[in-house]
Amino acid sequence: MGVMGCGDDGRADSGSATLSAGTTTAPTGATSEGPSTTASTTPTTSTSEGESESAAASTSGTTAPTSGEPTATTGPAGCGACSEPNQQCVDDQCVTLCQGQEPDPCPEGQVCDVISGTCHALADACTLAGASEACGDRQCGPGSVCDGQGACVPVAPCADVACTSAGACWGAACACDRPIECQDPSLEQLNGPFAEKIMGIDFADDCTAWMVTLRSGTDYLRRLRPDGELTEWPGVSNLDMGEVKVLRRLTIPQLHEVPPVAAGPVAPPQPVEGLGEVAITYTCIGGCFGDIIQGVARLVEDDPDDPLPIVIPATETMGGGPFMAPVADAGPQGLTWGEDRVLYVGNSTANGEYNTADLVQATVAVVHNFPARVTASAPVSPAHLLVAVEGGALYRYNVLTKESELVTELGAHVTGLSHDSFSGLVYASMSSLEVLAVEPFTGVFEVFATMPDKGRVAVSPSGKLYYVPAKYLQAQEGMIQSWDLPAAI
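Quick note, the sequence shown lines up with residues 11 to 499 if you use our numbering.
Bear in mind the hints are in silico, worked out from the structure with no lab data behind them.
Treat the hints with care, as some may be off.
Claimed, not checked - Derived pair list, reagent style EDC-like, types lysine to aspartate or glutamate, alpha-carbon separation capped at 16 Å: (1) Lys412 / Asp157; (2) Lys474 / Asp494; (3) Lys474 / Asp187; (4) Lys474 / Asp101; (5) Lys412 / Asp368; (6) Lys474 / Asp194; (7) Lys207 / Asp463; (8) Lys412 / Asp463; (9) Lys412 / Asp350; (10) Lys207 / Glu487; (11) Lys474 / Asp215; (12) Lys474 / Glu191.
To be verified - Restraint ranges, calculated between C-beta atoms of paired labels, are given here: (13) Leu416 / Leu443: 21 to 29 Å; (14) Ala176 / Ala375: 35 to 43 Å; (15) Met489 / Glu311: 47 to 55 Å; (16) Glu311 / Ala131: 47 to 55 Å.
From the three backbone atoms N, C-alpha and C, an ideal C-beta is built for every residue, glycine too.
Taking the hints into account, I'd like the entire structure generated from these sequences.
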């Protein structure tokens, strides 16, 4: 899909238990050689198993020495000034790679791959190419997008941005192969007590699984670690739960070591504060009428008396989807985290209103009005969220400008959205039972899989997409299952 080259597109299964508050249960047992008018092949530097980082550029706009390769600062004077991130000093000649050039210097039938800086056939594996978009006095090329305020920010599969002095930018520190750094709990463990009356699921960056229930009586937030350790926390009174979301990385894992070409003044990307924090939604009670406040809660593990305090209070709201059941279509929906550690959710004050809780500033606000009730949200860049509303329209919301634009229409209600930090695609679970793979900046989408019944999907860092059934709504409860996600671009 989109501007990525072809890679592997491989795709792909109830118990009952009640634990005490905060109780922990121990577990039981090839690149095209086509000509380029300006470029020579740039090596990549492997930083972890299954991960390859682009060594062609840095955010400082300087190129540090690599072994056996002269540069403008250490090589012969014949290279002259050769410090742009798309330049290399080769045999006393300053060679400009194809990144950041207008018009595209590649011959007809080929495109500029910004990962390597060489010309590829579009269908080649490990190819990231496409048009640039204007962004103030800059041009944001493949692997980057405009933040709406004049800066280019990275999007998967890239973790950084390089820019020339003329303002041409593209994604840097990009991965061609999906890094697998953890393993999920087994399907047997996921379908054990963890999945009793499951309604929503999400995964942390270490493959820890989190879920919320929708059931009669007290609802629970549960955590299942990869080693099988199960912990749960009870909710407030008899409030129903709807969604669970974990603050996760938006791009591939941070570099384990700095590539040689980015050594010296270039620092590796800094980790995001708050990664791993968990939030849930409280929806409705007793047919969605009651005096106990609904809203969004954040897990505070070290507070046994109030582990799930409400941080975004909500009034009663009702919808006509996506589950076609009042108990599941009420209250706040579309919960997600921004990379700024701000919580976002729809319908807390009125249908279509988008609400936030800034955990750093300790503020709550209404930041936007969508034309219909919000049903799902997911972050797609440091500045953007993808938001679904009733009926299946997808909007891209800018957290900096507080504006949104229509991306595409999916034709059915969206039950959930989950972002893949490797490919940048967003997987949408639909009321029609289809699972769609959506490119959030073009609106292009295709069917990826089909769910056996209504539920939600979530991407795991293990390289799998998980389906969870909405068990409370099913006459015969289904099972959690998974599909393999593409292993390369």
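Against the structure, the hints:
1. Lys412 / Asp157: Holds, because 11 Å separates the two Cα atoms, which is no more than 16 Å.
2. Lys474 / Asp494: Holds, because 5 Å separates the two Cα atoms, which is no more than 16 Å.
3. Lys474 / Asp187: 14 Å, holds
4. Lys474 / Asp101: Roughly 45 Å between the alpha carbons, so the hint for Lys474 and Asp101 is violated.
5. Lys412 / Asp368: Holds. Lys412 to Asp368 sits at ~14 Å (cutoff 16 Å).
6. Lys474 / Asp194: 9 Å, holds
7. Lys207 / Asp463: 14 Å, holds
8. Lys412 / Asp463: 35 Å, violated
9. Lys412 / Asp350: 14 Å, holds
10. Lys207 / Glu487: 9 Å, holds
11. Lys474 / Asp215: 13 Å, holds
12. Lys474 / Glu191: Status holds; Cα separation ~13 Å.
13. Leu416 / Leu443: 21 to 29 Å: About 24 Å separates the Cβ atoms of Leu416 and Leu443, which means 21 to 29 Å holds.
14. Ala176 / Ala375: 35 to 43 Å: 39 Å, holds
15. Met489 / Glu311: 47 to 55 Å: Hint violated: Cβ distance 29 Å, outside 47 to 55 Å.
16. Glu311 / Ala131: 47 to 55 Å: Holds - the Cβ-Cβ distance for Glu311 and Ala131, about 51 Å, lies within 47 to 55 Å.
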